[in-house]
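Peer 1: Based on the provided sequences and hints, a complete structural model is requested.
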Amino acid sequence: MTSTALSPEPPASWRRYFGFSTDAKVIGIQYIVVAFFFFLVGGLLAMIMRGELITPEADLVDRTVYNGLYTMHGTIMLFLFIFPVLNGLNNLLIPTMIGAPDMAFPRLNTAAFWLVPVFGILLIASFFLPSGPATSGWWSYPPVSLQNPLGHLINGEFLWVLAVALSGVSSIMGAVNFVTTILRMRAPGMGLFRMPVFCWTALAAQTLQLIGLPALTGGAVMLLLDLSVGTSFYRPEGGGDPVLYQHFFWFYSHPAVYVIILPVFGIFSELFPVYSRKPLFGYVYVCLASFIIVGLGLIVWVHHMFPSGVTQWMRNLFMVTTMLIAVPTGVKVFAWLGTLWGGKIRLTTPMLFCLGGLFNFVFAGITGIMLATVPIDIHVSNTYFVVGHFHYVIYGAAVMGVFAAIYHWFPKFTGRMPYEGLGKLHCLLTFVGANLSFLPMHPMGLMGMPRRVSSYDPEFAFWNVLASLGGFLLGVSIIPFLLNMISSWARGPKAPHNPWNAIGLEWLLPSPPAEDNFGEHVPTVISRPYGYGTGEPLVEHQADIERALTLQEAIR
Amino acid sequence: MTSSTPRRPGPIALAALAIWIGLLVAISLWVARASYGWLPVQASNAAPLVDGLFSFETGIGTFVFLGVISVMAWVMLVHRAEKYDESDAEPIEGNTRLEVIWTAIPFVLVMAIAWYAIQINTELGVLGPMEHIHLRDSQEQQGGYPGDRLPAEQVEVIARQWSWEFRYPSQHVSSTELHLELNRPITFRLVSEDVLHGFFIPAFRLKQDVIPGRAIDFSLTPTRLGRYRLRDSQFSGTWFAANQADVVVETAEDHGLWLKQAAAAPLQSGLSVAAAEYTEQQTNPRGGWPTVVPAPPPQVNVPGSSSLPHDA
Amino acid sequence: MSSTPVPPSSPSAAHGEGQHANHNLTGFIIFLCSESVIFLAFFSGYAILRLAALDWLPAGVDGLEWRMPLINTVVLVSSSFTMVLAEHFKGKGKIWLFRGFWLLTMAMGAYFLYGQAVEWSGLTFGFTSGTFGGTFYLLTGFHGLHVLTGILLMGLMLAKSFVPGNYDGGEQGVIATSLFWHFVDVIWIILFVLLYVWRA
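Residue numbers (the working numbering), protein chains in the order written: chain A, 1 to 556; chain B, 1 to 312; chain C, 1 to 200.
Please note: incorrect hints may appear among the correct ones.
Covered, in the sense of this in silico footprint (three residues per stretch, anywhere, with C-beta under 8 Å from a C-beta of chain C), are these stretches of chain A [as the list claims (entries may be wrong)]:
(1) 168 to 180
(2) 203 to 217
(3) 221 to 229
(4) 236 to 244
If you are wondering where the hints come from, they were derived from the structure by calculation, not from laboratory data. Ideal Cβ placement from N, Cα and C applies to all residues, glycine included.
Peer 2: Written out as structure tokens, the structure reads:
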């Protein structure tokens, strides 16, 4: 088993990124690039919103426009940025980390990806309808979402529900694919407890998708029927129950946060060992904690509805389950600290993003406990406190984790090294911008400023100015990122197969890997991941594989 | 978090750690006390309970946050790899005793918080018995309150797109400014005529969604004189942000006087920023997308004001 | 159905831990589990709306006629057994008996759909008749779509059975289709209990 696995570098044809490829690595990059396009769109909408909110009066845009902006900002960022970007990482990392040649269902994978631009265009198209886009928030609570002032059949809300449904179909296709791939296509010797944590968290997150998404789809079908056919599932005047929708919506949309944050936990668990040169502390507990989060995550949704008129016993029950989530999450946070402790820390760009993300995540966890506490939640729910908490989780932790992953695995999948200086600048701007933008939202909310407002009382002006400045800084922070990605991909230094000296099957592939990864020569895994400092090889014949890769790089 | 390395820490290290933890505790206590100032004035009997709980959690949260950040800062300062040091660190793969400790401590901690919160919750008894009364066809767009639906001590709160109307059945008074008597428990009957709204008075720390098709009983006791804001907290459409009203807490004499004067006042259009802005936009369009037309301002005895300075 | 069976495209897909040949079935089972949650959502929505309703039945409706649907239920449930028989004969290599029972199963499914259509056409309430009408047509319609899908899948499998050597490598399509059919059956039993047996 020598000089195997080393088919020559694939022809660097950029054209394959614009077609219906079935290669998971191409699809992964397609996902990420499309997601960042929509990230810019959603970010632009956020800039306009922060521009409106820099003064108390509704003066920059009309109130209907503001409502459309915040609705589309939330919808785009969730359904067109964060889910696709994570699916992109899943596509790149899952097959390479477990030594599979591709996903289990490559054509299903292609179809799932190409649905994303389709529903993205559908959603953006709603800006150009006479009715305007949906304006009732990404929750789209009836009855306000069922109000259709123009009476057109094709209205913004209609396209919104359609886009969300298509997003659901795409995500289910992806989830079936990822779960099957992880369960059935692992390299020889890779039992579940030799699998990298990213794959564990992806498995957990995709399981949540499979259980949660159909509930949202069911709820959305009923919303669409109410909106377009005239049924009255949620219409009080026909005997329907608007609160029923909230149950369907949150049964999925709370776990959706774990769908987002779990893979980011996976990224932290992958990167902290690499850059502290130590094994992941308590690997088995970290793996199991993901599934405890899945179990608990399915029984907490009512904490979004404490003021919606649910009974006292339900409030108390869901408060307890929500707080219990802190326990497995704490296990993970402490495991990362245990990994860092006594390590040989290297503050590279991906490591800095991880540390910043962990900082923000711990903060968000604490405000999360407050939001779980019924009496406090009664005061702060539907205020900017929630907006602040949510953005600390999603931007502060998840997006920073995604950036960390992109910088870390960029050399593997493009074959080029990203620039450290620009990366560190990007990290600094992101961290400062996120904290400057989202920290002031907490005092605003505590003082009683509701979310989703286009105008507010003057006493909130000070904190809003700060939040807007932070928001604009976040807008600026994306510039060094884009510069870095474009220039280093075009002419960055060529990447060796393992620039970070990391342990993992993906680092035993050339950069970039061949189309079928290891092809027929999948190495046999003989130890747990993250064997930093143990001197144990990860796979059989590791030295031979490494030598062949180095040789190939030398003659390149 | 103490060191998990096999090496036993010396007495100096332990003393330094103890001092550091003491410092964090002191900071946490200080932040917990300061956290009362982040909230609006306390104007109901619920507010001190909620604020106490918030302060408690802020203290614990500050300690946990600073503890984690201290470890991160320490490793970033002390455990940095030397330049050109390519070697790995000592491979510590885990420690079951530590895992048990850091599972058990958070578990006990959150259960303690939950227990405390359930006590407060019971004490608050925020939600009165919730009834599912289907609304009658309301023919009450014009005129005062018919007065046959409610016990006399209740105030009916009607939320609309986009105005708030308050009706005092026994006095046959309606208003778009909520007047309450100091230290007297009051029960509201919350109804909505169109979509979801949220009845939210930050100074009272209370919030309840108003759900069309249901009538929800909701009780509170104001404890501080002053003028406060009532805000719509559940997104209700175009003029959601402008759907606010003032709440005036006054002494028993003032309240009686206000009710008497209000009952004598003729009906007039109440406050509705939405209706005013909509009318203005008809003559002076500013673009934007089609909107639900605001309900006409309710006909009330006292419109009140929403431009006077408020305490919270 | 989002599970177009994809044959392992490259020879390398067959190595590694365990056999990789069964992805399709694995994927399909995962999909079915997920699909069942949509029904769960509709069932719980139905139950919540019904329990909260003051007057569940719209004016002029006395409840649902249950005799005809009961016959339909018997037919659908029996079709699961004929399907098991068909699979049994396939296992024994008696391909024509397989085709016969398979076709019988399809016919019974089609009869069920016909019965459903007859029932719908005789009803005095519509989709927009309050939550009663809404949930009734939503549940039966969504289930009917699944029955139709099942019949189409069976047709496809029947056609494929004429491809020479089709079952040499182990046929997952038949197993998947029969799983789907049993799933549709179980859903119907729950649905029948909820809609017809549950009386106020």
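Peer 1: Please go over all the hints and tell whether each is borne out by the structure.
Peer 2: Verification of the hints:
1. 168 to 180: As far as the segment 168 to 180 of chain A goes, the hint holds, because 8 residues have Cβ atoms under 8 Å from chain C.
2. 203 to 217: Per the Cβ count (7), the hint holds.
3. 221 to 229: Per the Cβ count (4), the hint holds.
4. 236 to 244: Coverage by chain C holds for the segment 236 to 244 of chain A (5 residues, Cβ < 8 Å).
Checked against the numbered hints listed earlier, the structure breaks none of them; every hint is satisfied.
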